[in-house]
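Novice: Spelled out, the chains give:
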Amino acid sequence: MTWASALAAAVLVAALTAGAAPIAVPGLRTLRGRVLVASALLLLLAAVACGDLVAPLRRTLAAIPLLPLASLYLGLLAAVLLHRTGVSGVRLRAQGAAGRRPPVEVAVAIALLPLVLSLPCGHALGMASFATGPLAGLPAMESVPLAAAFARTAYGSCAPASAGGIARMADAWAEGGSEAIRAAQLFALLIAAGATAAYARALARGGEVPNPKSQIPIDSQLPISDIQNTSPAPSPALPLPVTLAPATGPSPAPAADPSPVPSGSSAAAAPTPVANPFPAPTGPSAAPVPTSCSPWVGRLALAVWGATLLAAAHADVRRIEPLTWLAVGAGLLSLVAAFGARVAPSESLGAVPAGPLIDILLGFVLAGAAEAAGAFDLLGRGLVSAATLAFPGPEGALLLVGLLPLLLPLGCGRIAAAALVPFAGSLGPHGAGLLSAQGTAACLAMLTLCAAMSCVVSPAGGCLALLGDPRRAAMRPALDLAALGTAGPLTAAYLRWRDAPVALLFAAALVVALHLAVLRLAFAPGAIRGRAAAIGVAVVAGALTASFACDPSLAGAARGAAVGALAGWTLAEARR
Amino acid sequence: MIAHLLLFAAAGACSGALTAHSAGWRAARDLVRAALAGAGMGALAALTVRGG
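These protein sequences, in sequence, are chains A and B. Those letters in the first sequence? Residues 8 to 583, by my numbering. Those letters in the second sequence? Residues 121 to 172, by my numbering.
Simulated from the structure, these hints should not be mistaken for lab results. Model, not experiment: these values are computed from the prediction. All C-beta atoms in this analysis are idealised placements derived from N, C-alpha and C, irrespective of residue type, glycine included. Take the hints with a grain of salt, since some may be wrong.
[As the list claims (entries may be wrong)] Each pair of labels, with its calculated beta carbon distance range:
| id | chain 1 | residue 1 | chain 2 | residue 2 | range |
| --- | --- | --- | --- | --- | --- |
| 1 | A | 389 | B | 121 | 37 to 45 Å |
| 2 | A | 520 | B | 152 | 34 to 42 Å |
| 3 | B | 121 | A | 171 | 21 to 29 Å |
| 4 | B | 146 | A | 68 | 48 to 56 Å |
| 5 | B | 167 | A | 59 | 29 to 37 Å |
| 6 | A | 171 | B | 146 | 51 to 59 Å |
| 7 | A | 58 | B | 167 | 52 to 60 Å |
| 8 | B | 122 | A | 524 | 30 to 38 Å |
[Stated by the list, open to error] Heads up, incomplete: computed chain B residues facing chain A, CB under 10 Å, no partners named:
| id | residue |
| --- | --- |
| 9 | 121 |
| 10 | 123 |
| 11 | 127 |
| 12 | 134 |
| 13 | 139 |
| 14 | 155 |
| 15 | 157 |
| 16 | 165 |
| 17 | 166 |
Next comes chain A alone, as it looks inside the complex (with noise of 0.2 Å):
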């Protein structure tokens, strides 16, 4: 099934990529309406290279994981039952009267803890933080650093997690498994972290966000506004004490942005206004937020919560099911809302919004009629024949297979992973012999670790688009620069030089050194941004993946340096 395959593939690329592009029918206009088409292109692609509608169909959706989809409702369960029992109003009061930053330690250690819980799938402590605001409140130019970075550690630790991460999915082909492929991912997501906030702020900094210093409103963070693509106007101080947007009637909606927002800024790959996920209930059944319940019920719920993520982290997994704890959680959570703020269960139920979990099964399920039509057994198969050439060499085939899911990003990196871990594992000495088993490791690394970092940029279900913060206009360029720029060189030194912890945080400041100088560089005033900035640090690090991944030669790290500005150009151009 070439043709075919070649064709999915061809609709897959074309479905995630062509966000920018103006397309003519009304109903192709929303992302939503491009992936049904798309999906329904491959399942009949796959069919008609079959000669059965059946067994692609079956294939498609056995390939739909359960876990991140399960973990997104319960994520979102969790932020409207602690948005109603007031946690967002405990964190304000705690901030200060006037809008106060937080203790630095307390910002750094917000930022850094979805790698202390490592959680199989990011969404149910992303979800609910993102929503219910523990970053929110902060002015602008502090707010986006900040929830970048939280928003790099939580999407990217479902890798390295202890229960269930994706780096799992490389025993088979790691020698001595995935213990240390998974320290490396971790060492890596710890400097991404840090990187992110760097570029989140020079890319604010940098015009690439309308309005950088102006200061978002509170309502326009909480998900019971009306969050539109644009960024809100300018605004005073914090007014506290905060009062909440009400759950019934119409909720303000942030003012237009008079100021345009340049072409290569990703804020303008969606041009229509992003649905609220968290619309405001109708009908008899709607009450209005209990602002006024005891600060003690939306503490207790957190501590809830903060248990229930500890628990489901950390817990045997071979008894009980991280999912399982989560809907425990979610559960206990549910009575300490229904006895503390009177928030009824089924209310609760019914505030959950359907279009985040709408959206990421389309990704699901365009995900899996791709791999269903053999999209992914051509990429992989082609990379792989790649090695063999001169160019790009097994240096270049490396860093496409371990880039490959950042440049097509699906809802999940699984369905990715799970596809292209065989091709990965069959570059080293159990299949082609093309990289040594440090060089299999490394890219093995890699990839997984792209992948668990693509799902939150995706257009299809990532949490960004699920979300529609305004601040994604900086934090979605800062987190595929990040990624782009840490996963391949972190992974593939920490692998190197993991008995020599000198040497590797050696290679580690270098590689910091390297990025400061490229957003230096690539941010100055009157320097071209966005596509230059991709290149530039997809170019060092492509130069230094191939220097540590393989054995260091001028020639390699040229082809490293080559497929990188490759790889970097194809994602500023996917990104526009």
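Use these hints to put chain B onto chain A, whose structure you have.
Specialist: This is chain B only, laid out in the frame that chain A set:
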């Protein structure tokens, strides 16, 4: 094990300081506190993996 913890603590310190600096904390005292917090979180995160 100690080297493993120290390694991740160092990475966390670097990340914490970079994050805080990017978020607008520029005083040296703030950056030191951020680095210490990052080191603590990095060491805690290191406990979730064995290091291979």
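Novice: Now tell me, hint by hint, if it's right for this structure.
Specialist: Cross-check of the supplied hints:
no., hint, in the structure
1, 389/A with 121/B: 37 to 45 Å, "holds, 43 Å"
2, 520/A with 152/B: 34 to 42 Å, "violated, 20 Å"
3, 121/B with 171/A: 21 to 29 Å, "holds, 25 Å"
4, 146/B with 68/A: 48 to 56 Å, "holds, 53 Å"
5, 167/B with 59/A: 29 to 37 Å, "violated, 50 Å"
6, 171/A with 146/B: 51 to 59 Å, "violated, 40 Å"
7, 58/A with 167/B: 52 to 60 Å, "holds, 53 Å"
8, 122/B with 524/A: 30 to 38 Å, "holds, 33 Å"
9, 121, "violated, 12 Å"
10, 123, "holds, 5 Å"
11, 127, "holds, 5 Å"
12, 134, "holds, 6 Å"
13, 139, "holds, 4 Å"
14, 155, "holds, 8 Å"
15, 157, "holds, 4 Å"
16, 165, "holds, 4 Å"
17, 166, "holds, 7 Å"
Comparing the model with each earlier hint shows violations of hints 2, 5, 6 and 9; every other hint is respected.
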